[in-house]
Structures are given as structure tokens and as C-alpha cells.
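Chemist: Given next are the chains, with one letter for each unit.
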Amino acid sequence: MERNEVSYLESRKLVKRWKGPWPALANSLFIAVVFYITWWIFQDPRGIMRMYTPYIGYMVCRWLLILFIWVAYIFDFWPFKRAWLDRTHPLVKSTVIVAFSVAAMYLLIKVFFVDILGNYGIAYFNPERLTSMGLTEFYAIEYAAEAIMMFAAIASWLSPSWVVACENAPWQKLPQPARGFTIVTVTFFISMIVYFLTMHSHMAILFYPWQKFTAICPPYWEEFANTVSGNFHIAWIMCCTVVVWLYETIWERYPFNLIKTNWLRRVSSFFGIIAIAVCLAFFLYYCEELAWGPAIRGTRRLMAPDWRWLHVGEMAIFWLCPTLFLTFYCNNWPTKFSRPVNVIIRTFLTAVIAVVVYIIYYKTSHLFLGTQKGFSHPQQFPMIPMIWLINIFLINSWFMDGWPGWKAVPKTAAEIKELESEVVASDVKWTPRFAVGLIAGLAGGVGVYFMIINFIPWFSTVYTIIH
Amino acid sequence: MTEEKDKGVSRRDFVKGAATGVCAGTFATMGLYSYSPLAKKRLAKTQRAMKDFGVLKSVKITNISETSWFSNANLMGDIHKAGGLLVNQYDLNWPPFGNGKGSAQGSYESGIATIKDLIPHDLEKAWEIQEKLSLHPENAGGYSCLIEVEELNGKKHKYLLDTGWSYKWTDAAFKREGIDKMLENHEIEALFISHEHWDHFWGFPVTMKYDPTIPVYIQDGFYEEGLQYIKDSGHTGPLHSYTDAVNQVIPGMAALKFDVPIINRVFGELSLAFNVKDKGLVLVSGCCHQGILKFADLAYRELKYDHDRFYGIYGGLHISPFEDWDPKYDDLVISLGKWGFEKIGCNHCTGHLTAKKFIEAGYPVIRGTARFRSSSPDYLGNGDTITFGV
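If you read the sequences in order, they're chains A and B. Each residue of the first sequence is one higher than the one before, counting from 1 in the working numbering. Each residue of the second sequence is one higher than the one before, counting from 1 in the working numbering.
A few of these clues could be false.
[To be verified] List of simulated lysine to any residue pairs, SDA-like, C-alpha gap at most 25 Å:
(1) K132(B) - D122(B)
(2) K45(B) - I296(A)
(3) K417(A) - A435(A)
(4) K429(A) - S10(B)
(5) K51(B) - T461(A)
Simulated from the structure, these hints should not be mistaken for lab results. Keep in mind that this is a model prediction, so the values were computed, not measured.
Using the sequences and the hints, build the whole thing.
Modeler: Take a look at the structure:
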């Protein structure tokens, strides 16, 4: 396999510029500075552009995320030439690609959603239409931004899923940009279906009277989720977004990459990610009940089921930050054990760090990021700073080749050949002892779960995050 | 040698299987158990403290003003222009803290400096100055109500809940309802400030104009600017800042504190609960940012009240204050009926749309007279009264 037969990200190897922890420290500092400066310029309610309204800022950071994924994963950096990517300085390269992504995002939001869909399809995508029908301008913009943002939330799960789980099938042999446009079109189409199944009813009951002729009102999930709010779907969809990246990075596509049959592996991965995400969503919801007590339907904030579901997605996103950091800047540590052992250590480690990040965030964000004090508020959206940070991780790792701590060098032919053999994991085999271990592990997993759910109520009584 | 190698391989396989199993088992249990009825059973049952905070004969509430602002478009336009709902309220450049520098360029210090010498004795002049320096001064109204409580022995008490926003509007509303005289005569025993928001608190000098010695009750979520404003307004009486969740005021009356984040950098709300003999519990709020059901739930957990029954509600329920909507508000409309309130005297930030939906759902909403710039008879308006008990 030649270098130009694999994607740009697969064709390069990131090499540390200095020995020891210095590259990771330098990049952490660089990312922190970029994060805070850009946060202040674009998002901070005390800063310059103040897009954290919150939905405008949320829409922008979600769509930037999806654009970055499209550029790097789906289009393999098309229309940029491989030679240009190889020789251009990371700072120049990242500036050009980010500008390109921002322009594409603007076209999508303004032209496709607001002007085309909002004028010729569904009114709530166009704030001016809503304002002209009597809505306060601020809320008209927020409603439209929420709807547009939800497309990105769904697409940011489905688009990488098609690459990570479905391995670009059945279009993996298509050249760019045909492959990119095909996968974007297909995932966008599926996103639209998922949107109509999950969020359209939520939007329909934003207006009085309920838009019963155009949407299912009250929504079908009302009894199960104990709310009519579409936040119920945000919970599992956000968990899907997170699990896709867990699966791609710290899990190294394990365990579904044990399946040798291509179609079975791809289908299992795609639906397996959803199943794991749903499990995670239910668990995180239960954690909230254990910490704060059962939700009370109809109330607001911390005790409301709609916010509890939203917060499930918020908690999940806290897990993504350490996961990407471990992969990008710690070489996916540890790597010296067998794949399952590496996976379990990384899973445990990133989950613990996620809890620490969660605590630090809620202790400091009011002062540091200008967000609302407390856990639950319509204007306290940890997803925005977390995704903003993730976007910077992606820019740094994908578009800047890890500058300043790392540099890209071309992979050798042997290293590229390894990629091919990595599709199916060869280091884990089904043996009788593996089966015994698996059964023992399953029992242990049940034990771990009950340890956690016994720990949370105790911890919540002895430790207060926000006084 | 081969046997040892086999053992090693065998042990490694076991560990690989075990590691895989732990992950699979944990996630599977998360999915199968966490949202099941069994999991619900593990949750701690509500422990009711049943604190006996006494009982009283009746509560009468006069709505001095529920119209906090007159144009949603102007209010939200100003907030939007300044950068959204998280921008510090003192930076918005609204009266009485306007400094003439425009949207989002305000501050407590620069605003108060323009009127400090005039409050509370010359509020007309102070407001005139602010009309020139601030954004949309004509949009400012305010929220305030008079609470008259009668104990079982016939003893009567008067309290103010909140003190409006616009000096001009609040002063006029006070005069219309005779509050000015009651304050001057020290008939009103205390002023409770529900929270630090502009429309409930920034008219503070109006109360000070008539009675600077009045005891003031706030909660510990107030920011530095708010505490300074109390001093700068000439308050000379006692200032109590509640830190506990439940605080008895007199027999049958309690102040409940909620640690709740609120838009435009405000934190915490204080609400009032009354135990009315033979009727049940009455909940009175300024804005009720904590949510009326959270309010009811805390009362249910902590307090003992007649017939163990929720009886009445008065005040802003903060559901659709800007006539905005969210599906979670429908959760309230759908579920409020289960709590059994018999008299719902909502207004202010409840929103007309919410009142309309309550009425459509068949809830006992007390209608108003739509006077003094209250815009709808769907709920209790300015000058309207409601009585709980007797």
C-alpha cells in the first residue's frame, strides 16, 4: 500500500521534537493560551463577541467540530493537496484550513439552514420569520440556533461513526471528493431522519399552540423519559458522540475489531456504539438521581428531568477531553500491556480525570469562563467550553501536526502496511482461558458497577462541589 | 519450558478476557439496571422533617406592581446586544446604574456615582439623571407586593416582598396603594428581597426614602454590588442575610432560601411559606427561579402544615417571563395539577402564555382586573388582591 492510498492522518507519524514530557507540556500550555484567548474573543459573556447567548455560541462550536471532522476524516483534507499538507508550516496550514472550515460553516448555516430551509421548508430555522410572527428577537434567534445546532450534534455522532465503525463502506474505494460528498450526503440524510425522530417534536411544542399537525405532540418519549423535552435524546446522542471517539482512540476499536467478517464488524461497531452510549446515558442519569435525589417533573433546574437528561450529555463530554488528550499528547498511554488491559486502564484513567475536570470546571467556570454559577441553568452549558477545547485539540493534532511539541514525518511503507493488518485485531484470540477470564470479568464488572453506585450517594454527602 | 510458556499464555489470555469482561460487565449493568424499577427502589425515600413552624389565620396579598418591564423586545434586545443572558446585570447600563457609555459598558461604580448623593432623599432628580444616561429607562417597572398576615390571636403584621425597579414607577405604585404612608408610620415590619435582579431590588431607595430603618432580609447569594447598593441607598436598619434553607419569621410564616443560579449573574432566591389554619400551605414568591414545584418539594420535605395540603400560590412563577417557551414548561403545565393547589394567584414572570395554558388545563387560576398597565386579565394584575384563609 502506498502512502497516498491511505488518509493523510494515517500517512503521517507525529514525532516528538524533544524528549520527555516537554512536548506534552508545551502543547498543553499552547492549547490553554489559545483556548482562553479565543474563548474571550468569541464566547465569554464578558469578552468581545459574546456568542455564549448560549445557543449561538453552542451552534458555532458544534458546527465547527463537524466541519473539522468532515475536513479531516470524511474528505481527507480535500481540496488541499497532499504535497501542500506535507510541506506547509503547521501555523499556516491550520490557519488556512480553519478559515476554510469557518467559511463552509457560514455557508451551511446561513445559506442552507436559514435561507433555504428557513424560507422554503420549516419556519423555525429562520429567526426573521419567527420575529415577524411575533416572537421576541432574542428567542427567535435562540430557537433557530438550537434547531441548527441539533443537526450538528446528530451529525457529529453519525459522520465519524461512518468512518470509525463502518470504515467508509461501501464507498471506501471512491476517490476524493466523491467519497467525501457521498458520505456527507448519506450521513446528513440520516442525521435529518434522526432529527425528525428526536428533535422536531421538541421544536414543535416550543410554539403555542402545539404544532400538532406537523409533529407528534406530546412527543412519544414523554412517559419513558418523564419529560416532553428533546433533552432526553440529547443525552444518548451526546453519549454516542463521545463513545465513537472512545472507540476510535483509547479503545483502539476494541472489541468489535475482533470480528473478521467485514460487514458484521461494521454493523456491530455501529450499533454497538449506540448500545454502549445508551448504557452510559442511563448510568449517568442514575448517578444524578443518586447524588441529587429523584427528579421532579415540572420543576426547574437541578431537579427537573429535562435538565437531568441534558446534563447526561454534558457529563459525557467531560469524558471526551481527557480521552483526546491521552491519545494526542500522551501517545495513548499505556501501550505496554495487552490491548484489553491497555483499554481498561485508559478507560478507568480517563473516567477518573473526567470527574476531576468536572469538579474543577464547576468550581471555576463562573469566574474563569464567565458562565452562570451553579450546575443547572439554561446559561450554564459546559458543552460549549468543552467542545471549544476539543476543537482546539483537533486543530492542533490534525491541522498543526501537533505543533509545537510534535512534527509530522511520513510513515514508512512497513508502517503503512501495519495499518492494513490493524483493521482486525490479531493480538486477542478466543481461547478457553479467555472465556473463563471473560466470565470472571463480567462478574467483576457487575461488582464495579455496584461499587460505583454505592460510592456516589456517600460521596455526594461528604463532598460539595459548589458551595 | 513449554509448559511454563503455555501457563504464561494461558494466564495472559485469562487477563485479556477478564479485562474485556470487566468493561463489558460494567457497561451492560449500566444499561440493564440504571433505569430499571429496581434502581429506583434503591433511591433514598423522602425523609420529611415536618418542622412545626406554627399556624396563622390568614394571608392577604396586595399586588403593588407585577409589571417589571413593559416591552419584552426592548428588554431582551438590550440583553442580547450586551452579549446575552450571562452578562452581569450591573454592566447592562440599565437605570439606575447607567453611565452614558452605552450597551454593556456600565458598571455599578460608574452608575451609582451619578446619583449617589441623591438617594434616597431626591429620587425624582436621581431618576431624571438616569433617564439621560441609561438604556430604555421608560421600560423599567418593578415587582413588589404587600403581605398582610393575621395570627390566630388576631395580631396583624405587614411585610413588603421586593421593592421594584424604576424609582418613578415604584414610588407611584407605593403611593397608589398607600405603601408610602405605611412605611413612614413604620407599619411595615420588614422588607424581604427575593433576589438581586433589577426588577425586584433596584428600586430599593424608594423603600429607604420612606423608612430607612426597616429591617431588610436577603439571602447569602447577593453579590458585592448588591450589598453595596443597600449601604449606598442609606439603609440604617438591621440587614439579615439568610444562610439556612428554612427560617421561621413568625408563627406560621417561614422564609425559604434556594441556591439557584439566575440570569445576568444573580444567585439565590428567597421565598415565603405560610401555614394557614384549616386551609394548608401557601407559597409566595418573587420570581420563583427555583421552580414552584421545587419550592413545594422543599416545603413538603421540611415543614408541617395543616391537612398536609398545598393550598395556594402567589407571585411570579418564572416560567415564560419573556413569552418565550420551552418544552420543560409544558412538563409543569402537565404535572402541576397533581400537587393539588386550590388557589393560584400567579402573575409577573409567570407569563401570559403560561397563565393561558394553566387555564386551559383547568387549574384554579385567580383572574385579575388588568388595571394600572397590567396587560391581561388572565392573572392578578397591579392593584389586585388575593386572600388565603378566612
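Chemist: Indicate, hint by hint, whether the structure satisfies it.
Modeler: A quick look at each hint next to the structure:
With a C-alpha separation of about 16 Å, the suggested pair K132(B) and D122(B) falls inside the 25 Å cut-off, and the hint holds. Between K45(B) and I296(A), the direct Cα distance comes to roughly 13 Å. Compliance with the 25 Å bound is thereby established for this hinted pair. Straight-line distance between C-alpha atoms of K417(A) and A435(A) comes to about 31 Å, which puts the hinted pair past the 25 Å bound. For the proposed pair K429(A) and S10(B), the alpha carbon gap of about 11 Å is at most 25 Å, so the pair holds.
Straight-line distance between C-alpha atoms of K51(B) and T461(A) comes to about 22 Å, which keeps the hinted pair within the 25 Å bound.
Consistency note: the structure conflicts with earlier hint 3 alone.
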